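Asks: Listed here are the chains, written in short residue letters.
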Amino acid sequence: MVSDNTSPFAHPDSPAIEVEKLVKSFGTFVAVNNASFKVPRGHVVGFVGSNGAGKTTTMRILATLDYPTSGNAKIGGHDVVEYPDRARRLLGWMPDDYGTYKDMTGREYLDFFARAYGYRGEERHRRVNDVIEFTELNEIADRYIDKLSKGMGQRLCLGRALVHDPEILIMDEPAAGLDPRARIDLKNLIRLLADTGKTVFISSHILSELGEMCDSLLFINNGTIIHHGSADDLMQGASAGTVLEVQILGDPEKLQTWASMVPDVEFVEATKNGARLETTTTDKEDLAKLLRRMIKDDIQVYDFRREERRLEEAFVDIVSGGGKIERKGELAAKDPTPATETPANES
Amino acid sequence: MAPAAGSPAADPLSRGVAIDPETLGTTNDFADWLSPMMVKELRQGLRSKSFTGFFILTQVLMIIGTFIAVGSAEIGVSDSMGPLFIGFLAIALLLVLPMRGFQAIPTEAADNTLDLLVLTRLQSLRIVVGKWIAIVAQSILAVVSVLPYILMRYFIGGVDLISELSIIAILLFLSAVIAAIAVGFSATSRSTNKRGSGILITLFVFFGISGVFNTLGLAGPAYSMFGFGLGETVGMVAVLFAVGGYLAYYFLDMGAGRMAPEAENHSTRKRLISLGIAAILVILVGLDVGDADSLWMSLLIGVLGLSCVDALTERASTVRSIFVPFAKRKMSFAAYFLAPGWHTGILYYVICYLLFAVAAILIAFDGASLQTDDFLFAITIIPAVIIFPVALIQLIFRSKLDSFRIYLLIQLFSCGIAFVLFAISEAQDSPAPLFLGSLIPHCCVGLMSYESSLETTACAIGGAVFLLCIAVILIRAAPLFKIISWHIKGAKAEQQLANSPIPTTTDETSAP
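Chains as they are written, first to last, in numbering that gives the first Met the number 0: chain A, 0 to 346; chain B, 0 to 511.
Hints in this document: simulated from the structure, not taken from any laboratory.
Certain hints may be false.
Claimed, not checked - Not everything, but these chain B residues come out facing chain A in the computed CB check (under 7 Å):
| no. | residue |
| --- | --- |
| 1 | Pro-35 |
| 2 | Gln-43 |
| 3 | Asp-114 |
| 4 | Leu-115 |
| 5 | Thr-119 |
| 6 | Leu-121 |
| 7 | Pro-260 |
| 8 | Ser-320 |
Being a predicted model, the structure only gives us computed values, none of them experimental.
Every residue, glycine too, gets a C-beta built ideally from N, C-alpha and C.
Given these sequences and hints, build the entire structure.
Replies: In structure tokens form, the structure reads like this:
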């Protein structure tokens with residue numbers, strides 16, 4: 000295999016991010032403990048963990064800003080310690096703490112970074128204008144940065160990270176401290192970036208947002224990767240079956256009676272207009288059959304839904320050490336390739 | 000966002016990737032010809048309150064000074080504003096403007112922009128040099144703004160224009176050197192609370208330079224209150240410029256090295272340049288050029304001392320890519336003393352010590368007089384004083400990142416302890432307190448000055464401490480030498496594979 004000399008990637012099939020047995024210690028404190036995972040190109044991966052879990056440390060190592068104690072981290076196939084300049088060429092880094100010059104205007108700020116990335120003349124102006132347009136900063140681009148709101152500042156920071164058109168974006172808590180409107184704007188921008196084929200590795204505390212925008216989620220706790228899989232996986236829950244919430248017309252007790260007669264279905268509890276039922280299957284076709292049978296048995300169903308866990312609950316479950324997903328997460332941590340390469344297949 | 004015209008990988012600043020000039024656009028903007036860092040720093044610097052305030056103050060003082068000069072001329076008194084004028088410029092150029100250099104890197108760290116800067120294509124040396132040039136440019140601007148007042152005073156009469164302009168040129172040069180020291184020093188730590196140490200070092204440099212001026216006989220009677228003046232000794236001025244140039248280069252590269260990722264090697268060049276200069280100085284000592292042995296020896300101590308302290312306080316780099324060029328050039332042995340890190344620094348220090356010992360021997364055995372005590376002092380206590388803090392760092396402060404500053408602090412404390420013990424010895428009329436503290440080699444210096452009969456004993460203790468410190472550091476460095484050896488073996492094996500006729504895949508190691 001011969002490397003393409005014009006491609007910033009080390010090999011044509013190099014994953015965007017590759018971490019293998021990564022360890023980072025500060026004295027006796029182990030911030031990252033034997034972390035292994037891969038992020039395929041073009042994927043949006045959420046990095047989730049409580050404060051002090053090791054997210055920022057891992058991200059800083061990936062961004063070539065810190066050194067691992069042991070293990071390897073690669074960006075586009077380039078080792079971040081051995082070849083940081085090659086890795087940096089592929090990287091856009093957005094820290095949680097902005098990083099702006101308050102005595103500059105937004106345009107001057109972007110212009111400086113475009114220069115710093117080596118762009119000149121018309122090309123530089125074009126890049127700066129593209130970024131301003133993409134981040135919708137047109138109206139405030141000529142204002143001093145210290146006059147910008149936090150949301151605007153964060154967009155400017157995103158613009159700065161994009162000014163050299165990087166293949167891989169690493170974003171550490173980009174939504175921290177933003178109001179709901181700014182968060183939605185940021186989420187939309189990230190979606191747009193994903194649509195252009197960028198790889199986005201993003202950490203956040205707001206799991207519902209990550210669930211919506213990410214192809215997969217990577218959970219870290221006490222420096223250890225404890226789960227890597229799709230959001231769908233998590234929301235389906237840890238149980239081997241499915242909990243259904245069914246609303247019917249008529250007497251809700253009818254549903255309880257029906258459940259007692261059907262194999263593989265258990266009555267969990269009554270609700271105002273129906274009941275919560277649990278079935279041993281998770282297969283969508285089996286669930287459809289179940290609904291058909293209910294209707295055939297003259298139960299007037301007007302609402303039939305699969306109960307999903309909230310991502311926050313899933314996260315708490317995994318961190319607190321319960322459930323089947325954690326076991327799967329452990330496997331993912333040990334052998335990340337199948338889980339990360341095909342997260343959609345798992346669901 | 001519209002996709003970029005080409006990949007950023009095609010940037011000419013990038014290393015090892017094909018260049019596509021179309022990607023970067025053409026240079027049609029004057030600022031495009033300048034360093035981005037300098038443009039940014041100038042933009043920010045000229046807007047800063049400190050520069051604006053200083054500029055206005057200068058203009059006001061110069062106008063007042065000119066009026067006084069005009070008044071003096073009318074009543075027939077000779078120009079009384081000269082010393083004040085030059086004095087003000089000296090303070091501005093040697094203190095106020097370069098002082099900003101101490102905040103150059105910590106300010107970026109405080110704004111959380113340092114990480115963003117190092118991730119761009121700007122190499123750390125370009126960042127540091129850009130910051131330095133911006134400060135120098137502001138100093139030049141300040142000087143240019145006062146030139147009209149010099150001309151006015153010249154036309155009023157009583158001003159030696161050439162002399163005054165020469166002094167200003169020297170001040171400007173020294174200002175650039177101090178700014179370089181300040182910017183380089185600022186990169187040794189990312190902490191922003193270093194203003195105090197910055198001020199101290201600036202004062203030290205300022206008064207040090209005044210001392211150099213006086214020592215070199217450059218002080219003119221007209222400006223004696225500030226210790227500056229234009230002397231006739233062109234050779235001495237040349238030495239001053241050479242020393243200043245070396246210091247400026249060294250501190251800027253040192254700052255860049257401290258900021259750079261481990262995979263960047265800033266040490267080999269610095270160490271080779273320093274060794275080269277040291278070798279020239281040893282030759283000058285040997286040939287007794289200009290009958291100035293003590294000057295060459297002082298410069299030798301300065302050059303070797305600075306480069307050794309830097310080498311011994313560097314972060315140890317164990318990144319394989321650092322050692323590959325040594326193996327490729329079949330200079331693997333050089334990696335053990337020229338590769339970055341304190342562990343190679345100890346072997347570099349030993350080489351420097353041998354060079355210094357040669358110079359000391361040349362001086363000691365010069366002519367008929369054999370100055371044994373001075374020779375012993377030079378080869379035992381001076382090297383012990385330099386290396387003692389490094390041994391302490393390796394024993395106690397290994398986990399600290401800013402070793403250079405810790406080194407300076409330990410030196411300061413050691414000097415303080417030696418001073419106190421010396422004072423106690425004097426008060427008690429007994430060398431016992433100094434003997435008690437003689438594990439600190441600075442106390443051996445005290446012992447030597449205390450009583451001439453103790454000189455040999457002091458040198459023996461100093462020599463023992465010196466050897467002990469070397470041993471401690473070598474023991475600490477041993478595991479790292481193993482890593483170097485392992486990397487070099489690996490690099491050699493890879494090279495052999497690459498040179499073998501069997502076709503191999505192209506990977507990271509063989510990529511340009």
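Asks: A separate judgement is required for each hint: does it hold in the structure or not?
Replies: Taking the hints in turn, this is what the structure says about them:
no.: 1; hint: Pro-35; verdict: holds, 4 Å
no.: 2; hint: Gln-43; verdict: holds, 6 Å
no.: 3; hint: Asp-114; verdict: holds, 5 Å
no.: 4; hint: Leu-115; verdict: holds, 5 Å
no.: 5; hint: Thr-119; verdict: holds, 4 Å
no.: 6; hint: Leu-121; verdict: holds, 5 Å
no.: 7; hint: Pro-260; verdict: holds, 4 Å
no.: 8; hint: Ser-320; verdict: holds, 5 Å
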